[in-house]
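Enquirer: In case you want the letters, here they are:
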Amino acid sequence: MMFLHSAMERLANTEWSIALHESQYAYSIVESVHVWALCLFVGFAVLLDLRLVGLIFRGVPVSHMTGRILPWTKVGFVVMVISGVVLFYAIPLRTYHNVFFRVKAVLLILAGLNAFVFHNGIHRRVSDWDLNLPPPRAAKLAGVCSLILWAAIVFSGRLIAYNWFDCGKVQPALVSAFAGCTPDMIDPYQ
Amino acid sequence: MLLPLFESLEASAIGEAIRNSLWLFPIVEAFHLIGLAVIGGAILAVDFRLLGLGLRSHPVARLARDLQPWVLGSIVVMILSGVPLFLSEAIKCYYSFAFWTKMTALVLAILFTFTVRRAVALAPEGRFSPVWNRAVAATSLVLWSTVGWGGRWIGFS
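Those sequence lines, one after another, are chains A and B.
Per my numbering, the very first residue in the first sequence carries number 1; after that it's consecutive.
Per my numbering, the very first residue in the second sequence carries number 1; after that it's consecutive.
Hints should not be assumed to be uniformly reliable.
Unchecked claim - One side only, chain A facing chain B, incomplete, derived with CB under 10 Å:
#, residue
1, Y27
2, R58
3, F101
Simulated from the structure, these hints should not be mistaken for laboratory data.
Glycine is no exception: its CB is placed at the ideal position from the N, C-alpha and C atoms.
In isolation and in its complexed conformation, chain A is listed as follows (with noise of 0.2 Å):
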């Protein structure tokens, strides 16, 4: 993974990046952009979730939800995608090694997993459990997983800020394996 080290190295020297680094509202207003599209991409898919469980709008089809909520929360992601890479952009070296980043991108890759699955799965047979309460237990299932999902996404998301477990730091070597820290490498912020 040294490869990927030396790769963000690079990227962390580039223009673009020193300058979000260094700028004084610019990384703000993104990070801000982040958390107002969270509302939009976490909110509606929390709302979704809740739907297949059967906790709230339980008059509405599950069809309905997924034709006319979905598309919000696809344009909320692609926002949260957006930013979430422009602030990974302004800081790659540190955030690349950072634990709660390497945790939040394992559960972004299994909430994708999750969706995958729901969709390509119980969700091809909507039409036949649409109104069904409780809804089956695979979609029951699906919005359980994404919930939980979701809150750790966020969650962890939240302490990417957080520099206790930094390379160069004293730590555990599970910890210091899990953020790929070698001995050589220095905490950026001493």
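We have chain A; now place chain B onto it with these hints.
Expert: Positioned in the frame of chain A, the structure of chain B alone reads:
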């Protein structure tokens, strides 16, 4: 006049405990953020519907009634997590423009949501004109967005 009050709030046991802990502030803050996503979604869904977007096949009143407990519940989570965060840095908040902006917007947003917006959202279909619905939704979006942005910017100041 308010400064001594803020000073004593900062000196409170809860404020003290959070300041002395490495983990407490970030964890409470993360819960505040999860609460934000839920309240954001619940508010946006009704505002979008008033704007003529989203779940158009269903009456606004029904969506608003369904979401009411989630709005109230997430406001409780936001207050329970927000107050300790505030107590840990009350004096900083006193001098923070973002904090006062957020609090002003929050009071207005809550008042607006539980009076005008509630009346419009729960009214029978067609009682209010689409223009009026859109104006209410836009006002709500601006007020709640200011609360969110103001909150995020407390951390930047």
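Enquirer: Compare the structure with each hint and give your call.
Expert: Results of checking the hints against the structure:
| no. | hint | in the structure |
| --- | --- | --- |
| 1 | Y27 | holds, 9 Å |
| 2 | R58 | holds, 8 Å |
| 3 | F101 | violated, 14 Å |
In this structure, the one hint that does not hold is number 3.
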